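Student: Sequence:
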Amino acid sequence: MNIAEFFQMDGYALYVWGAYGVTLVVLALNVMLARQQQRKALRAILRAAQRDRSRA
443 MNIAEFFQMD GYALYVWGAY GVTLVVLALN VMLARQQQRK ALRAILRAAQ
493 RDRSRA
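Numbering (my numbering), first residue to last: 443 to 498.
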């Protein structure tokens with residue numbers, strides 16, 4: 443088996459590599475959205491802390 447045969451995967455390459463691609467996209471989105479939510483939560487905490495400091 444050579445490298446070209448490996449990447450063709452006996453005719454199932456489109457399905458297999460497509461599945462890998464979709465999985466990679468979903469994992470990347472999961473990480474990006476989690477980071478975005480973390481930044482949003484941290485900003486909300488900082489705003490609340492600033493409000494508390496200004497009231498004291």
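No lab work stands behind these hints, which were simulated from the structure alone.
This one's a predicted model, so the numbers in the text were calculated from it and none came from an experiment.
Any given hint could turn out to be false.
Label pairs and their calculated CB-CB ranges [unchecked claim]: (1) N444 x V467: 25 to 31 Å; (2) R493 x F449: 42 to 48 Å; (3) A491 x D452: 55 to 61 Å; (4) A470 x R493: 32 to 38 Å; (5) L475 x A498: 43 to 49 Å; (6) A470 x M443: 26 to 32 Å; (7) L469 x F448: 29 to 35 Å.
The calculated lysine to any residue pairs, modelled on SDA-like cross-linking and capped at a C-alpha distance of 20 Å, are [to be verified]: (8) K482 x L466; (9) K482 x A498; (10) K482 x R493; (11) K482 x L471; (12) K482 x Q492; (13) K482 x N472.
Cβ atoms here follow ideal geometry from the backbone N, Cα and C, with glycine treated the same way.
Student: Give a verdict on every hint.
Tutor: Do the hints match the structure? See the list:
Range check, N444 to V467: about 29 Å between beta-carbon atoms, so the 25 to 31 Å window is met. In this structure the hint that R493 and F449 lie 42 to 48 Å apart at CB is violated, the actual value being about 57 Å. In this structure the hint that A491 and D452 lie 55 to 61 Å apart at CB holds, the actual value being about 59 Å. With their beta carbons about 35 Å apart, A470 and R493 fall inside the hinted range of 32 to 38 Å.
For L475 paired with A498, a C-beta distance near 35 Å fails the hint of 43 to 49 Å. Hint check: A470 to M443, Cβ distance near 30 Å, so the stated range 26 to 32 Å holds. Under the hint 29 to 35 Å, the C-beta atoms of L469 and F448, about 23 Å apart, miss the expected range. Between K482 and L466 the CA atoms are separated by roughly 24 Å; this puts the pair beyond 20 Å, and the hint is violated.
A C-alpha spacing of about 25 Å is found between K482 and A498, which places the hinted pair above 20 Å, so the restraint is violated. For a cut-off of 20 Å, the pair hint linking K482 to R493 stands: about 17 Å separates their Cα positions. For a cut-off of 20 Å, the pair hint linking K482 to L471 stands: about 16 Å separates their Cα positions. Between K482 and Q492 the alpha-carbon distance is near 15 Å, which keeps this suggested pair within the 20 Å criterion.
The straight-line distance between the Cα atoms of K482 and N472 is roughly 15 Å, inside the 20 Å bound, and the hint therefore holds.
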